[in-house]
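Number of protein chains: 2
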Amino acid sequence: MIELTERQEKILEIVKKYGPITGENIAEMLNVTRAALRPDLAVLTMSGYLEAKPRVGYTFRNGAVENEIRKILNRYRVRDVKSVPVVVKETCSIYDAIVALFTEDTGSIYVVDEDNFLTGVVSRKDFLKATLGQMDINKIPISVIMTRMPNIITTTLDETVVEAVRKIVEHEVDSLPVVKCFIDENNEEKLQVVGKISKTTIARLFLDLAMKRFEGV
Amino acid sequence: MIELTERQEKILEIVKKYGPITGENIAEMLNVTRAALRPDLAVLTMSGYLEAKPRVGYTFRNGAVENEIRKILNRYRVRDVKSVPVVVKETCSIYDAIVALFTEDTGSIYVVDEDNFLTGVVSRKDFLKATLGQMDINKIPISVIMTRMPNIITTTLDETVVEAVRKIVEHEVDSLPVVKCFIDENNEEKLQVVGKISKTTIARLFLDLAMKRFEGV
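Order-wise, the sequence lines are chains A and B.
Using the UniProt record's numbering, read the first sequence as starting at 1 and increasing by one per residue.
Using the UniProt record's numbering, read the second sequence as starting at 1 and increasing by one per residue.
Hints may contain errors.
Which copy is meant is left open, so a pair is good if it fits within one copy or across any two.
As the list claims (entries may be wrong) - List of simulated lysine-lysine pairs, DSS-like, C-alpha gap at most 27 Å:
#, residue 1, residue 2
1, K10, K71
2, K139, K89
3, K53, K16
4, K180, K10
5, K180, K89
6, K125, K71
7, K180, K190
8, K129, K53
These are computed hints drawn from the structure, not numbers from a lab.
Note that this is a predicted model, so its numbers are computed, not measured.
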């Protein structure tokens, strides 16, 4: 995504078409000297467009680089990057949940039943709608405004981060509860909340990858 | 970040210490056959831990891969990924701004003066605070609750996305207005809003990179 000069673009075209090709040959095709071409070839090599192989020449490496990044990004699992969610009971008032939102400085709140199984998710927009209405938010429990199953989008510890991000983007949600699934004696699915993946998590991972602060491969 | 078996970890240790080293030699050191080792070496090579060079052997490539990803991520500029912001005038009521927030389905709103220069930013949390208070949100203009200069964190078209993400993470904001800077006749800095970078933008870029849907190198 760096902006290339017209000559650099021409060099890429030539290497795509004729590579592997020597700097000498590229210079000939462009009617310039090898020395004049040196800065352009350096830029293209350092920025990853071209690969310079001794005694072979320049090759185009777009695919190789993109494959690499895809492989790396797909290596991260939800368990590696998840954060700690803010969880309240269904009986918690809307007002108290908003207080938790501010004191814990979070974007969404997860709601659990008396057995601590997930029953709902509430976003800042849900809270905003509630405060705009005529509701007595001090009395009405959060269960009234929460999004319930089957409309909660969740992820699991072993899912890839890429898959979790795909869910966030496609379902246009701010975060996903990370859940462990149990089947109870009535054959019903119960979800235990063990973490959270939010857009903030993704921004942090992106930054860590770019700054090389993330431990591990 | 994939989970390695104990034997795969041992192989990594050996290659880190003795690489480049042949599969044959690794097998010897682990007291197993070369054939037994083949699946492990395949996993480690495909997942990017090791590089297999014909007639040379296996080398450890953690650093190389991380350098690559860092280079790629640092190539993107704000201008390549920015989105369209929702902008209102300072005189807009808090209520009307909230309506815009919902109809435009956005997370933050930027506020401009009568000359269309940036004067404020309002987040969902700011709105939530306003609706919780005793304010008459139908009458009070948004300028009362907005964050003003010099407390607005901004970015520019030419900044790298990595730098923009760093600002978002470190200042704990949901988005950054992308601005062009002008100096007016009174020698004052004026900011024109030309875009927006939000956590959603980052999530999308992350996904595009992982899915290889992003055009260009």
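For a quick check of understanding: which of the numbered hints are violated here, in increasing order?
Hint check: 4, 6 and 8 fail, others pass.
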